[in-house]
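Quick mapping for you: the protein sequence lines, in order, are chains B and E. Mapping the first sequence onto full-length UniProt numbering, position 139 (from 1) lands on 139, and the numbers just tick up by one. Mapping the second sequence onto full-length UniProt numbering, position 4 (from 1) lands on 4, and the numbers just tick up by one.
Derived by calculation from the structure, the hints in this document are not laboratory data. Note that CB positions come from ideal geometry on N, CA and C, so glycine has one too. There could be a bad hint or two in this list.
What the hints assert, rightly or not - Restraint ranges, calculated between C-beta atoms of paired labels, are given here:
| no. | chain 1 | residue 1 | chain 2 | residue 2 | range |
| --- | --- | --- | --- | --- | --- |
| 1 | E | SER80 | B | ARG49 | 31 to 37 angstroms |
| 2 | E | VAL27 | B | ARG53 | 41 to 47 angstroms |
| 3 | B | GLU7 | E | GLN38 | 22 to 28 angstroms |
| 4 | E | GLN38 | B | GLU72 | 37 to 43 angstroms |
| 5 | B | GLU7 | E | THR66 | 20 to 26 angstroms |
| 6 | B | ASP101 | E | ARG21 | 37 to 43 angstroms |
Residues per chain, in single letters:
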Amino acid sequence: MSTTTHEGRPALRVERRLSRSPEAVWRAVSEPARLNTWYPMRVTELDPRVGGRIVFDDGEGTVLTGTVTAWEPPRLLAFDEHGGGEDGPAADDHLRIELHDDPAGCLLVLIHVPHDFATAAGAEKGWNGCLDQLLGDLGD
Amino acid sequence: MPPPFEVLADPTRRLILDLLRERPRVVGELVDALAISQPRVSKHLRVLRDSGLVTVRARARARLYTLRPEPLAELDAWLSPYRRLWEDRLDLLERHLETVPEPPGTAAGEADPPPEERA
Chain B
1 MSTTTHEGRP ALRVERRLSR SPEAVWRAVS EPARLNTWYP MRVTELDPRV
51 GGRIVFDDGE GTVLTGTVTA WEPPRLLAFD EHGGGEDGPA ADDHLRIELH
101 DDPAGCLLVL IHVPHDFATA AGAEKGWNGC LDQLLGDLGD
Chain E
1 MPPPFEVLAD PTRRLILDLL RERPRVVGEL VDALAISQPR VSKHLRVLRD
51 SGLVTVRARA RARLYTLRPE PLAELDAWLS PYRRLWEDRL DLLERHLETV
101 PEPPGTAAGE ADPPPEERA
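Put together the whole structure using the sequences plus the hints.
Structure follows, in structure tokens:
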């Protein structure tokens, strides 16, 4: 079971061994043009420093902002994705991508701390829509 | 019975579960660790007991609280769409990495050269 907690909140942990060095993977997780080949939401702005702004735009009217909370090339990228509204940090998703040395090249550890559970049903719908979109785009 | 995710929305209750994950404890230990009043700790423990996340048994003159992880399976089920999403997305990342050359001078690059040779 890869459900875990991160700073006391329920979190998901996904690991993946990659046959590339942490340096190569870092570029794919930190440069918007490359991030956009795999990340669930299009990144239109990424200020590469702690406290820097990230902007996500799904191209269909949904724009979210985030804040970089850790920037340690080529090891660690973390950011908060702001849900907005009056819920404050409870509405934030937190993403953390760690790159560890591995004999195969690199071990990527992704930790996703979803925003509060009350809005989870809506989020799930959003992700599924996102996946449908992806499958449509791939066309195969 | 409140669903586990509502119970877990409270940060103090999450801290209590973290402490009980290490080992069963009596209420006095939780009061010391959390630095909040005993009535408040007891109130949280009652919510956790009602939701089935902790059990309590008498030990000598104290009541010992123990974590009961079964309701967390519901939490795991809630996270499963996210897990599928990220597994799919990491597949895409892997495919992307196959298309870009390894930066020169890295061990992984030597072990696994990029498909296209530069002329």
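Evaluation of the provided hints:
The hinted range of 31 to 37 angstroms is satisfied by SER80(E) and ARG49(B), whose Cβ atoms lie roughly 34 angstroms apart. In this structure the supplied range 41 to 47 angstroms holds for VAL27(E) paired with ARG53(B), their Cβ-Cβ distance being about 45 angstroms. Hint check: GLU7(B) to GLN38(E), Cβ distance near 26 angstroms, so the stated range 22 to 28 angstroms holds. Distance hint check for GLN38(E) and GLU72(B): the Cβ-Cβ separation is about 42 angstroms, which falls inside the suggested range of 37 to 43 angstroms.
For the pair GLU7(B) and THR66(E), the supplied restraint of 20 to 26 angstroms holds, since their beta-carbon distance comes to about 24 angstroms. The hint said 37 to 43 angstroms for the Cβ distance between ASP101(B) and ARG21(E), and at roughly 29 angstroms that hint is violated.
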